[in-house]
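A.B. asks: Put chain B on the given structure of chain F with help from the hints.
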Amino acid sequence: MLVGGVRAVLGLFFLGIFILATPTALPGADYVGSNVCRTCHPNVFATFFRNPHYKSIASGKEKPENTGCESCHGPGQDHVNARGGKATIPVAFSLVSPEKVLDTCLRCHSQTVSRANIRRSEHTQRDIVCTNCHSIHSSPAPKFLLAKQQQSELCYGCHASVRAQFSMPFKHRVNEGFMQCTDCHNPHGAFASTWNMAARPRMVDQAGGNEEPCLKCHIDKRGPFVYEHAAVRVDGCETCHSPHGSTNARLLKRPVTFTLCLECHNGFGNFGRRLDGPQNPSASHNLADPRYQNCTTCHVRIHGSNGSQLFFR
Amino acid sequence: MTRTKIIIVAHVFAFTLQAQSPVAPTAESVGIPRGDTISGYNVRQSFEVGYRWHSVGGDAGMYRSTVNYGNGPRLLSSSLSVNSVDGHGGYFDHVQINTIGLGNDPYESASLRLEKNRLYRYDLSWRSDAYYNPGLTISGGEHFLDTVRRVQDHDFTLFPQGSFKIFLGYSSNTQTGPALTTIQQFDVRGDEYPLFANIRRAQHEYRLGTELNMMGFRLNVLHAWVDFKDDTPVSLGAASQGNNPADLNTLTSLQRSEPYHGTSPYWRVALFRENKLWAANGRFSYVAGHRAFVDDETAFGFNRVGTPTGTQIVTLGNAERPALAGNFTFSLFPSAKLTLTNQTSISHIRMVGNSYFTQVTNGVFSAFNPFTFLGIRTIANATDADLRLTKWFAVRAGYEYSTRRIRSIEGADIRGVTTPPSQRVPIEQENGLHTGLLGVRIRPLKALSILLDTEIGRADHPIYPVSQRNYETYRGRIEYKLKSVRLAGYSRTDYNTNSASLANFASHSRQYGVDGSWIPKSWFSIDASYTKLHLDTLGAINYFAQINNVGAVQQVTTDQSRYVSNIHSGNLSARVSIRQRVDVSAGYSLVQDVGAHSLVFPQTFPLRYLSPQGRVSVRIREKIRWNVGYQYYGYHTDFSGLQNYRAHTAYTSVLWAF
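Protein chains in written order, with the working numbering: chain F, 2 to 314; chain B, 489 to 1146.
Chain F with its partners taken away, still in its complex shape (with noise of 0.2 Å):
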């Protein structure tokens, strides 16, 4: 009985997913095919064959609803019966609201692992949606159909002051082509990061292994090691680096390596992993001699060492 119960009430859970699941078309709607549309738009026409949503079209088995101009636009007869007009235009997307334009191209889009979390991502949370950054008919990019040529520009419209940082004259090397900022950024919404506290997702892509993404290209840092620095797998790179650029090299937030290690290693109580404060430099060091303010002359393995506690070798 019990069993039965069990059985009765997954099943119409189920089939409540099922029935929500189901994309529907508009009641009442009158879809008139892309072909109609081409009458009046041959220039847009003309070169969607190279747009990957002429993949609907070229498939010939998708619903009309899933169909070229009107999946996206919505049904055409309307706009076809008053002899065009954007207002007659079911979803005419420079007139909709951000939300209509996010729910429009979810419809299709969001069934990715890196669009998991778009609907509580930062952008979408300020009404920056997908046309914001994608161009459906008139993108300059190769790929993704982006807004701008290059995937910089795009971001730098808004993040200017990003723009700033990746003009110092050390940074990563996106302005020259090198890098992307989809390498470490997930523009889509990024899960909850897992390498410090306050994790409130702020983009950052996770690399495989749900790692900072600079592990995917510093590979040498990944580890493990015997002797771990605490301070990159505790609060991460940032702790001692600026990602994006910085007027210090090696994008260091000091330029001087000893104030920088000093900040920490001061051995002042309640923080370190024992309360008694990172351990400050012994007294053979003499911080007035030049000889020792680079500390990585002689903690070279500062990352992580297998063979000396104190990252000697």
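Simulated from the structure, these hints should not be mistaken for lab results.
Careful: at least some of the hints might be erroneous.
Unchecked claim - Covered by chain F, according to a simulated footprint, are these stretches of chain B (three or more residues, beta-carbon under 8 Å):
#1 915–924
#2 1019–1030
#3 1103–1115
A virtual CB, placed ideally from N, CA and C, is assigned to each residue, including glycine.
C.D. replies: Just chain B, lined up with the frame of chain F:
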């Protein structure tokens, strides 16, 4: 839309909001070529072939570290696009190839996409970065690098538009080239010596995954095998007096071999679903990092009292790092105006290391067997609400709590004497962080948007003095955008105060900026931005020093590290197109840290880095452009002129598109 209009639109896209990218490759296109249709495929190609020059006055090493463009012929850029006209090609429907900088530019890349609708998609990305670093740090860095990093990613998807997909992937990352590193011999009061290292690192990752769509849920499973090896040999080129020739320390020979190999296989499982009323996604990942190593180092010379010394160090062992992470996010959309989201995440990472360390110095044997453990467990829960009250006003709020536990053991069995279990008790501490977020967005006019938000966080036991403890962030942004004009201004303030009984750390960061672009005509555009980045930090430091170079070394416990940077950054660029035949563009980029002059003993390092550029691009024929460009780089620091440089770079090229 006529073809001319399409070309104009394409030019406008190219004109607006250009970053200060290197002057080459050329941004201007020859329009939108229709391409040729062959056997049902439309084929378009473009090639920009040219020659680069450069001339550097001053520190060429710093130029190579920050810019690094050299002389020689280049394929500055190229593209090939092949599309099936009816979407029913033979073996493929779309091929897209793009390259940048091939032919010895320091930054080279190539990408390929090959796909057949509904059947497969293959993406290849290949990149190469030649990185040079002449040991840059003000206090005498000695870690030189002249390496090339090559990264390639291959991703193959079977049935990319289907309900069932299969993923295959391969990535490789290599770093090779000469470098200098350092070592201190023969004890912790010894001298420091530069060593030659021939860097040889490689990582290979193989991925296999699948995605299944069933009843609206999508299950994504990925397994990857990652192999890493580092076989960098280290040696001393010739006998050396070290950094301090006045002492008796001398290193006559050193050989080090330290093969370091391991794997980091990982699993990632994601389940997600979205519909009108709710969305949910969960992700679980597990990585089992493992590294095995041997370090064999032999050194001969004289120690700090002049005694002949020979030492051999052998270390072998392994390090393990299993890491598990999971996220679950649930979003509710009770109405079109309200989104509620709750996210829970957990991360658990353990680092366990075992190694056997032996050292023989002048026949005296010592050994120890360290055991180390570091475990970090973080649990976080965040709730966000986003309410769109009207078309022009929305508010969002959020709260997050995260708690972290850190456990560690550091110890060693010395010469086979096993440490009793009572001394292997881990050190443990927990800390928590509460954060709150409140923001509004206002759109009083369609062209005007205003965003304001603040985040305030309070942590109870930050692990480091520089960690976030009592922090506040205030952000504001206003943007006005019409067809030909865009103006935006923003401000961001980050304050963090972290203090304990004897130490305090405070960080104040403020960013302000304005930027805008104006495109009054299709043949003219101008783009400008200005950003001020201010940072001042104040932290208590504690060290030993010989005060005023007199007397004994004393402990200094009352000093502070104060760092101030005031960076002004500006970009200005303008483009003019004359009769759609000649395009002239000019840009100017300036980064200037003016430092701080009014404070007492701050660390402040004023510098100026500027880069004007200009380019002329002439449309010779319908499909051919001739381009010439010049870019200047100037790097100047007030602290030390040793690394200043002035560099003139130029190029000329022919762009052919058809």
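A.B. asks: Now look at each hint and say whether the structure bears it out.
C.D. replies: Right, here's what the structure says about each hint:
Residues of the stretch 915–924 of chain B with a Cβ under 8 Å from some Cβ of chain F number 5, which satisfies the need for three, so the listed coverage holds. Counting residues of the stretch 1019–1030 of chain B whose CB falls under 8 Å from any CB of chain F gives 7; the rule of at least 3 is met. With 0 residues carrying a beta carbon less than 8 Å from a beta carbon of chain F, the stretch 1103–1115 of chain B misses the three-residue requirement, and the given coverage is violated.
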